[in-house]
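Peer 1: Heads up: the protein sequence lines correspond to chains E, F and R, in order.
Residue 1 is where the first sequence starts when you use this note's numbering, and the numbers rise one by one after that.
Residue 1 is where the second sequence starts when you use this note's numbering, and the numbers rise one by one after that.
Residue 1 is where the third sequence starts when you use this note's numbering, and the numbers rise one by one after that.
Worth flagging that the hints you see were computed from the coordinates, not collected in a lab.
Careful, some of the hints might be misleading.
To be verified - Within a straight-line C-alpha distance of at most 16 Å, the following computed EDC-like cross-link-like pairs (lysine to aspartate or glutamate) qualify: (1) E:33 to E:217; (2) E:33 to E:302; (3) F:113 to F:148; (4) F:113 to F:159; (5) E:189 to F:148; (6) E:189 to F:271; (7) F:71 to F:17; (8) E:80 to R:119; (9) E:80 to E:99; (10) E:189 to E:210; (11) E:238 to F:268; (12) E:189 to E:166.
Said to hold, decoys possible - Where chain E lies over chain R, by a calculated footprint (3+ residues, C-beta under 8 Å): (13) 165-179; (14) 230-241.
Note that CB positions come from ideal geometry on N, CA and C, so glycine has one too.
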Amino acid sequence: MSALLQIAGLSKQFPVGGGRMLHAVDGVDFELKEGESLGIVGESGSGKSTLARLIARLADPTAGAVRFEGRDIGAIPVRKFAADQARRDIQLVFQSAGDALNPAYSAARNIAVGLGGSRLNTETRALVEQIAGEVGLDASLLDRRPHQLSGGQQARVGIARALASEPRLLILDEPTAPLDVSVQATILKLIDGLRRSRRLSLIFVSHDLDVVRLICDRVMVLYLGRVAEIGPVDQVLKAPRHPYTRALIDAMPGRGKPVILAGEATSPIDPNVVACLFASRCSKVNEGCGKQRPPLISVGSDHQAACLRL
Amino acid sequence: MTDVTADNAAMLLRMRDLSIRFGDSAQRLPTVDRVSLDIAPGEIVALVGESGSGKSLLAHTIAGILDPAAKLDATTLDVAGVNVLAEGWDGLRGRRVGIVFQNSRAALNPVRKIGQHIVDVLRAHTDGRRGARREAAIQALASVRIPDAVRRFDAYPGELSGGMCQRVMLALALAGNPSLLIADEPTTGLDVTTQAAILALIVEHARARGMATLLITHDLELARAYAERVVVMHAGQIVEDASVAALFTQSHHPYSRLLIGATPAAIDHVEALTGIPGTIPALDTQTPACRFADRCNRVDERCRSTFPMPVIDANGHRSMCWHPS
Amino acid sequence: MLDQASIAYRLRAMRPGSLIALALLALLILVALIGSYLVPYDPLSPDPKHALMPPNPAHLFGTDQFGRDILSRVVVATRLDLAIAFAAVLVSLIAGSVLGAFAGWSGGWVDRILGRLIDTIMAFPLFVLAVGIAAGLGNSISSVVIATAIVNLPFYARQTRSEVNRRRTAAYVEAAYLSGFSPLSIVSLHIMPNVVPPLMVQSSLNMGWAILNAAGLSFIGLGVRPPQAEWGIMVSDGATNIISGEWWMFVFPGAVLLIAVLIFSLVGDALRDILDPKRR
Numbered sequence: 001m002s003a004l005l006q007i008a009g010l011s012k013q014f015p016v017g018g019g020r021m022l023h024a025v026d027g028v029d030f031e032l033k034e035g036e037s038l039g040i041v042g043e044s045g046s047g048k049s050t051l052a053r054l055i056a057r058l059a060d061p062t063a064g065a066v067r068f069e070g071r072d073i074g075a076i077p078v079r080k081f082a083a084d085q086a087r088r089d090i091q092l093v094f095q096s097a098g099d100a101l102n103p104a105y106s107a108a109r110n111i112a113v114g115l116g117g118s119r120l121n122t123e124t125r126a127l128v129e130q131i132a133g134e135v136g137l138d139a140s141l142l143d144r145r146p147h148q149l150s151g152g153q154q155a156r157v158g159i160a161r162a163l164a165s166e167p168r169l170l171i172l173d174e175p176t177a178p179l180d181v182s183v184q185a186t187i188l189k190l191i192d193g194l195r196r197s198r199r200l201s202l203i204f205v206s207h208d209l210d211v212v213r214l215i216c217d218r219v220m221v222l223y224l225g226r227v228a229e230i231g232p233v234d235q236v237l238k239a240p241r242h243p244y245t246r247a248l249i250d251a252m253p254g255r256g257k258p259v260i261l262a263g264e265a266t267s268p269i270d271p272n273v274v275a276c277l278f279a280s281r282c283s284k285v286n287e288g289c290g291k292q293r294p295p296l297i298s299v300g301s302d303h304q305a306a307c308l309r310l
Numbered sequence: 001m002t003d004v005t006a007d008n009a010a011m012l013l014r015m016r017d018l019s020i021r022f023g024d025s026a027q028r029l030p031t032v033d034r035v036s037l038d039i040a041p042g043e044i045v046a047l048v049g050e051s052g053s054g055k056s057l058l059a060h061t062i063a064g065i066l067d068p069a070a071k072l073d074a075t076t077l078d079v080a081g082v083n084v085l086a087e088g089w090d091g092l093r094g095r096r097v098g099i100v101f102q103n104s105r106a107a108l109n110p111v112r113k114i115g116q117h118i119v120d121v122l123r124a125h126t127d128g129r130r131g132a133r134r135e136a137a138i139q140a141l142a143s144v145r146i147p148d149a150v151r152r153f154d155a156y157p158g159e160l161s162g163g164m165c166q167r168v169m170l171a172l173a174l175a176g177n178p179s180l181l182i183a184d185e186p187t188t189g190l191d192v193t194t195q196a197a198i199l200a201l202i203v204e205h206a207r208a209r210g211m212a213t214l215l216i217t218h219d220l221e222l223a224r225a226y227a228e229r230v231v232v233m234h235a236g237q238i239v240e241d242a243s244v245a246a247l248f249t250q251s252h253h254p255y256s257r258l259l260i261g262a263t264p265a266a267i268d269h270v271e272a273l274t275g276i277p278g279t280i281p282a283l284d285t286q287t288p289a290c291r292f293a294d295r296c297n298r299v300d301e302r303c304r305s306t307f308p309m310p311v312i313d314a315n316g317h318r319s320m321c322w323h324p325s
Numbered sequence: 001m002l003d004q005a006s007i008a009y010r011l012r013a014m015r016p017g018s019l020i021a022l023a024l025l026a027l028l029i030l031v032a033l034i035g036s037y038l039v040p041y042d043p044l045s046p047d048p049k050h051a052l053m054p055p056n057p058a059h060l061f062g063t064d065q066f067g068r069d070i071l072s073r074v075v076v077a078t079r080l081d082l083a084i085a086f087a088a089v090l091v092s093l094i095a096g097s098v099l100g101a102f103a104g105w106s107g108g109w110v111d112r113i114l115g116r117l118i119d120t121i122m123a124f125p126l127f128v129l130a131v132g133i134a135a136g137l138g139n140s141i142s143s144v145v146i147a148t149a150i151v152n153l154p155f156y157a158r159q160t161r162s163e164v165n166r167r168r169t170a171a172y173v174e175a176a177y178l179s180g181f182s183p184l185s186i187v188s189l190h191i192m193p194n195v196v197p198p199l200m201v202q203s204s205l206n207m208g209w210a211i212l213n214a215a216g217l218s219f220i221g222l223g224v225r226p227p228q229a230e231w232g233i234m235v236s237d238g239a240t241n242i243i244s245g246e247w248w249m250f251v252f253p254g255a256v257l258l259i260a261v262l263i264f265s266l267v268g269d270a271l272r273d274i275l276d277p278k279r280r
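Isolated chain E, as found in the complex (with noise of 0.2 Å):
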């Protein structure tokens, strides 16, 4: 398996006034593999959604490269992009799937989207059949509008809309975010059922380490748009090595005594270049951290965390 994606010091900066600087994601490597699924934890404001709008060229980087099969996709301004033969092979399913939707059109036309039209002639209204078919949308609901579909019907449309594009590299910001647990589940199944027929690469950005677990091979940890940790994602949640990885596992409900991370968050808005950035809230700090950024090193095999005190 080669590289498909390489991300590479990849940075978002956003203005907030004052000459002041928000540092959403900030300086972020790794790599993804043809046919491997990543999935992206982190808590809100830690850039995994800005990183996943970066991914998916929806938004310009301030620094660092987006290597698409060794192209640097990351260098042509999204306006521009709109026209790029990459551009198709990359796709995002949205957080909410019923914003996402055009009200304006039925489910069929906001399908066929994916495919570069917005008609629906007799070849086109096929296809979309056909991918209806594929995320399990009954073709009576494709011509109904977005308002009269369920959630999880919702959630399909938009995946189809993503699946018309024939992507290759499919990003899902919490697909499943405002959806009963029923209702995920059938979703997480088409999700990992999809990637095994069409042998999508993923990127799953979710608040949910369970989730991640089920869909993912591998795991990104983001604390205020750095890495944290990353690796396959059994190894990291058995033995995670980063305090804020361990600090999540043990919130999830029914793990024992939760750590209760004391202090308060560093502001993301011009941070200390030169300090650890969890330093506020960590267990374990001492008087280094303060002192330097930490380095994403390897602590395994395909296993690196970012911490000075490993």
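Following the hints, put chains F and R in place on chain E, whose structure we already have.
Peer 2: Here is chains F and R on its own, set in the frame of chain E:
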């Protein structure tokens, strides 16, 4: 219907055959249907179900904040020793029953300091001088682990994170020293670390004060981790009511089984996940069938022709199914 | 934008009031189209023998100072008044939505400059501005249309700007990006279908105002010139005769003008019901 528990004199909440209807159509089935539920003092009970199951409606009824358009009907509804069907909720709200909502920032007045919110509640419940109330408010904020409570007294809700707002909401609910706390999806939308902290805090206060807690959640894992007893609702009915251990090891009702099977934390591999077919029924036609019949994998003729009655076994494990497992 | 089945469904589900409004609109349009073939008298040729007759069986609305039948003139005027208003609304709808969509999509300095331009137009009392424009362009029907269109343009431009701007970052617009649509096709194919329905409602409400505006310009002597049959001129003529007791010259054209404005306002409300994508 028979009493669901033997010892009902000491119950903090006693509810018998409570139904809630919306609209006048005789064809329409009640949105909440003949629900009976007891909660003992100090008990932590989780109420779980999908959205639309009626769990929030039930919680709002107990707290006395039911939508006025709803028609309430029950044989018994005693909350903290008060027969609210006869006497109403006045005097109960905020004092004997505290409530925490999902979106607490929306429940706080954005132009009022958070300390003032607490002082307002204290003024309603206690007498005392202004300075003393301020002290008590700061103490209340500190008791929900709001760091730097003295300084935070003067903060506005918009300056606090979602988790901090939820702590303020909890402090407000606790200020009246309630004997029953209703927590309606208190951590939905919060980060997992914040969720753990808030729920640990609720359990800690429940234990320390001997306060009964009704935790409404869609997440069975939370119920398993934080409650002692789990009540499962489907389509406005309680289909199962059992201790946490009994529910997760030997649930009787197929809906509970399916819910557990749909929870990622309980599953080793994605293929083992079970979805629940269909959706909650629309309740718009009179039918003698079990409300779960159309989604059930054990359905037979009897389920479609006769409504199942609740059955309680020797351990107090209640379920409502013709084919319990 | 809307498929036929769903329009039929919405029509069936409509409130009776909306149905009546649409029926009245149909009647008004019918009168505009074929009214001139049905009227009993020539609206333009004078008949001094029958001047200033009050309403009677031969002349239901009476006659004016030249003996012309007021009913015939009111009916014939419908076509001209509606045509002026419709043309003006169409021009301002198209120009306003294109400008507004451009500003709303581009943002930044383009948006600011167009915004100022529109604020400048809005700074004038609209009728005074229309009078100025019509006076500058000279007395003609086309100058009434242009003046009415210009003073209406800000409403469409502003509404389109805010609707497009709000949807520019909607997830379904980004999804269109992901499928390789160009900005122009995103605006026209993915955003505008959501913006057009509220614009149609605005247009209908605006039609009434445009009729009034056109009639108002004619009333003060700009725009349509006598002896053309036009509601504003007729009201103006009638107003000069009201003191001498010939009330019918003023009342009937005025009432018809009022009814027409009312119909468009009702139709606007009906359209709001029909086009709202969230209503079933």
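Peer 1: A separate judgement is required for each hint: does it hold in the structure or not?
Peer 2: Here is how each hint holds up against the structure:
1. E:33 to E:217: holds, 11 Å
2. E:33 to E:302: holds, 12 Å
3. F:113 to F:148: Holds - the C-alpha atoms of residue 148 (chain F) and residue 113 (chain F) are around 15 Å apart, at most 16 Å.
4. F:113 to F:159: Status holds; Cα separation ~10 Å.
5. E:189 to F:148: Between residue 189 (chain E) and residue 148 (chain F) the Cα gap is close to 46 Å, so the pair fails against 16 Å, i.e. violated.
6. E:189 to F:271: holds, 7 Å
7. F:71 to F:17: holds, 14 Å
8. E:80 to R:119: violated, 34 Å
9. E:80 to E:99: Measuring from Cα to Cα gives roughly 25 Å; hence the hint is violated.
10. E:189 to E:210: holds, 14 Å
11. E:238 to F:268: Cα-Cα ~13 Å, so holds.
12. E:189 to E:166: Between residue 189 (chain E) and residue 166 (chain E) the Cα gap is close to 19 Å, so the pair fails against 16 Å, i.e. violated.
13. 165-179: holds (count 9)
14. 230-241: Since 0 is below three, the answer is violated.
Going through the hint list in order, the structure does not satisfy hints 5, 8, 9, 12 and 14.
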